[in-house]
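**Q** Here are the chains, one letter per residue:
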Amino acid sequence: MFVTGKGGVGKTTVAAGLALAAAETEGEAVFVEFGDGAGARRVLRNRPSGLEHVVLDPSHAVARAAAPVFGSATLAKLALDNFAMRPLIRAAPAVRELGVLELARQVVEEHPGKRVVFDMPASGHSVAWLKVARQGRELTGRGPVHDLCARLEAELISPGRASIVVVTLPERLVLWETLTLCETIEKEVGLSVDRLVVNRVPQAPPENALNDAVSLSKNEGKIAQAAQKLVELLSIRDLVRKQVMQALDETVHRYGEEKGGDSGLTLLPLASTDPQARTVAGWLRSQGAA
Amino acid sequence: MTQPEVIVCAGGGGVGKTTASAALALALAKSGHRALIVSIDPARRLADAMGVELGTEARELSVDSGTGQLFGLMPDPQDALRTFVEFLFAEEPAALERLVENRLFRVLEASVPGIHEVATISLTWRAIIEHDVDVVVIDTAPSRNAIDFITYPKRLAKLLGGRAVAWMAAIGKRRSVASQDDKMGRVERLLVRALGPVTRDVAGLFSEMARVRERFILLNEHTSDLLLRPETRYFLVASPTAAARDDADYLIKKLEKLGIVPRALILNSAFVPERDWVQVLEAAQETTPAIHAALCALSDERETRSRAAARITDAFSKRQPNLQLLRLPYVETVEPRSIVHSLARSFDISALLSR
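Chains as they are written, first to last, in the numbering used here: chain A, 1 to 290; chain B, 1 to 355.
Among these hints, one or two may not hold up.
To be verified - Calculated lysine-lysine pairs in the BS3-like style (CA-CA distance at most 27 Å, straight line): (1) A/77 with B/173; (2) A/77 with B/183; (3) B/154 with B/257; (4) B/318 with B/254; (5) B/158 with B/183; (6) B/257 with B/158; (7) A/77 with B/318; (8) B/173 with A/114; (9) A/242 with A/222.
Keep in mind that the hints were calculated from the coordinates and are not lab data. Since we're looking at a predicted model, the values are computed, not measured.
Given only the sequences and the hints, what does the whole structure look like? Please build it.
**A** Spelled out as structure tokens, the structure:
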């Protein structure tokens, strides 16, 4: 399960929440992060024993993934660790992405039968990672790099095995960008997006608060002036919430059409502090989305 | 041309970086500067935040910019690679034609990480000269890896100037794999075996690039002049969340490796402005239970926000005591444009630009 979305939407929290929920319902699951492992330290403070945490370091990916391509680690070192190839790999695009993808495949291979949740990088970068296998296979035509790419497609990015979750925010522009991202993933990667998770949906203010404040503001004096301030604030929030709901409706409309009925949308509430993965897992379960 | 002041805003995603950068550029214009705001963010956030249209050509923005002028530049990522190679191959049209026919190039055209940034820098350079701007605010992509591109032209120039490319280009010209049995002969055979026929496309691409090495060196100089001069100021942007704090920490470490010390941390939504009317309503007898519930929710929110902001300011003032902290208010409004104008008033430009 690949979890992606634009930067700052709460991908890591949602990915960890999904992994946690999977570990609880299926007994075991794996949560994979790329980078330094800070995500899990932040959102998975009490990790249950059924949930394994794997950190993959992209900077070592090429060296680790190259051995099967060249036949052995020694040959890979000979081929890549020389004056010509070192600067080339540092500057060439897509080489590192391919390496990272191969490491991801190895994690899946090492955990047969378990759900592996990947906390992917931000949208554009995710698409570049996911489509690099197909590009590499088509470009090379034959040989070990071709075989590596073909195996990645069959074992990691195939429609039967992989699912994609896109995390987004309830803002019109962000939702539109998300729909474009879904189209790109479907067209360029060949996988369909299984679920949109809309994070931080603002909650409605207490019922009648705005009406009561409006009545109170009609009097005169200090209290009425204060009530007027509350009216202004609640009106802004009301308007923002209406815009949010309308944008969500339109998204459901556009996205649901492609999905044939099932909206595929999961809404998570706005919690003003940093929610832990456990809290998110609870929200996801209550929506039947875990 | 006198060197303009350059301010680079960097931060993780979702911290309000574009809004803060736009507000800063607007504040600079209002204090009399000819300011240019450049967005590398591929999303349309800047155009939306300013309420104006922006594109690959820098243009003056029709906003109330006081005594100064504000220009905006937001190149389209779709055109990035084209813009980039057109800059490089300006004097080599035949090589450019061969390049765009190269199979590998056509695959790369869709997405090459870093190219959009580098293309934007070459356009920024042009805009600075054309509009004679004296201060540039660069809004980087919303990612902790957003500044990786700074060394990209240098890496490319180094690659193209080295023996590696001469060697690669020779592979492209040879009819069969070299027979010499030295180490590089073996490397060549390994490579051809691993990559197959595409080795020739790879080699061809590099030999075309090697033709325009001088342009790469020029591009590298432009990038270094804008981004690696000691006078260039790096501002981190964060919001009061643990994720934003981690991203800012990560960026500080990355900048350190480049020999850069960030000057300031702009903390968005750092405080909710005082609402004295809340106490008035809380004490009033006429206040209904629904209003009480709403006031209670507002106080809780304010408390949570100020605690989260205190956590992040404490963390940074302990770890980075020299980092200037700029706390921006939490602004609630329906119009994104009014946020930018409201935040622009929070910057003390003369304090910011003092050395």
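**Q** Against this structure, judge whether each hint is valid.
**A** Now the hints, each set against the structure:
1. About 25 Å separates the Cα atoms of residue 77 of chain A and residue 173 of chain B, which keeps this hinted pair within 27 Å; it holds.
2. Distance restraint check for residue 77 of chain A and residue 183 of chain B: the Cα-Cα separation of roughly 12 Å lies within the 27 Å cut-off, and the hinted pair is therefore satisfied.
3. Using a Cα cut-off of 27 Å, the hinted pair residue 154 of chain B and residue 257 of chain B holds, with the two alpha carbons roughly 15 Å apart.
4. Distance restraint check for residue 318 of chain B and residue 254 of chain B: the Cα-Cα separation of roughly 19 Å lies within the 27 Å cut-off, and the hinted pair is therefore satisfied.
5. A C-alpha spacing of about 22 Å is found between residue 158 of chain B and residue 183 of chain B, which places the hinted pair at or below 27 Å, so the restraint holds.
6. With a C-alpha separation of about 18 Å, the suggested pairing of residue 257 of chain B with residue 158 of chain B holds against the 27 Å cut-off.
7. Restraint check for residue 77 of chain A and residue 318 of chain B: not satisfied, since their Cα atoms lie roughly 43 Å apart, outside the 27 Å limit.
8. Note on residue 173 of chain B and residue 114 of chain A: the hinted pairing is violated, with a Cα-Cα distance of about 49 Å set against a maximum of 27 Å.
9. Proximity of residue 242 of chain A to residue 222 of chain A is assessed by CA-CA distance (about 30 Å); at most 27 Å being required, the pair is judged violated.
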